[in-house]
Amino acid sequence: MQLRLIKPTELDQAALLADSVFREPGATSMKELFPLIFRPGLSHSYAAIADDGTVAAFMGLVPSTIKTGDAFLNVFSIGAVCTDPAYRGQGLAGQLLQLCQSHAAEAEAALIFVSGDRSLYTRAGCVPFGGTQLAELKASSAQALAAAAGKEWTLRPMQPGDFFAVYRLRNERETGHVYSPGELALLLGTEAYAGVMGLAQRTLVAVRDGSIEGFAAVAVPAAA
Numbered sequence: 090m091q092l093r094l095i096k097p098t099e100l101d102q103a104a105l106l107a108d109s110v111f112r113e114p115g116a117t118s119m120k121e122l123f124p125l126i127f128r129p130g131l132s133h134s135y136a137a138i139a140d141d142g143t144v145a146a147f148m149g150l151v152p153s154t155i156k157t158g159d160a161f162l163n164v165f166s167i168g169a170v171c172t173d174p175a176y177r178g179q180g181l182a183g184q185l186l187q188l189c190q191s192h193a194a195e196a197e198a199a200l201i202f203v204s205g206d207r208s209l210y211t212r213a214g215c216v217p218f219g220g221t222q223l224a225e226l227k228a229s230s231a232q233a234l235a236a237a238a239g240k241e242w243t244l245r246p247m248q249p250g251d252f253f254a255v256y257r258l259r260n261e262r263e264t265g266h267v268y269s270p271g272e273l274a275l276l277l278g279t280e281a282y283a284g285v286m287g288l289a290q291r292t293l294v295a296v297r298d299g300s301i302e303g304f305a306a307v308a309v310p311a312a313a
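Sequential numbering from 90 applies to the sequence shown in our numbering.
Treat the hints with care, as some may be off.
As the list claims (entries may be wrong) - Calculated cross-link-like contacts (lysine to aspartate or glutamate; reagent style DMTMM-like; alpha-carbon spacing at most 20 Å):
#1 K240 - E302
#2 K156 - D251
#3 K120 - D140
As the list claims (entries may be wrong) - Quick list of simulated restraints, FRET-style, between CB atoms:
#4 S118 - A139: 19 to 25 Å
#5 Q187 - P217: 18 to 24 Å
#6 L131 - A231: 26 to 32 Å
#7 A175 - L226: 44 to 50 Å
No lab work stands behind these hints, which were simulated from the structure alone.
Every residue, glycine too, gets a C-beta built ideally from N, C-alpha and C.
Using the sequences and the hints, build the whole thing.
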């Protein structure tokens, strides 16, 4: 068993393993939902490679930059962590996590983001960060908000020609990931969060006086 950086030629096999763990038959592949992990290029992800050359375990590691105020931080995100059932119980995920942590330290990254609270991560020193807000918008509330807005605002689906306005709004946020235009277009198109939830993404823009002043990417039932 070799534990090492995955080779570009092995990424398709890693995506198939991730599909077998996370996706139902016929669902959109992890390769399509998460191109920043599985597309060819300078990969930072690690894998456990069995003696026969198959990917026994995989841990996606993706570099990015986040801004908070005037500060910019180089960070990594971990995702698509999976192990073939035939190789579970051997501590492969823990070993891959150690390799990813060493990789991030060598790259002088400020943080590693992990979307999970498994003991695998807490034992390695990961701690909860941030929070979520829950709001319920009922039909009556939506109608009241629409009436208050009057005819000043128009809400409509995003069109390709709206992209640079949306990109500008995205970059005006005080805190968040920094994406190139190509990366943001790719992420909007892949609809990853909605896809893993079994929902469909709707990207909407808010227009006032002919200018796009807001946008939202929302996950809704596929039939909506």
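Task: Numbers of the earlier hints that this structure fails to satisfy, in rising order - done: 2, 3 and 6
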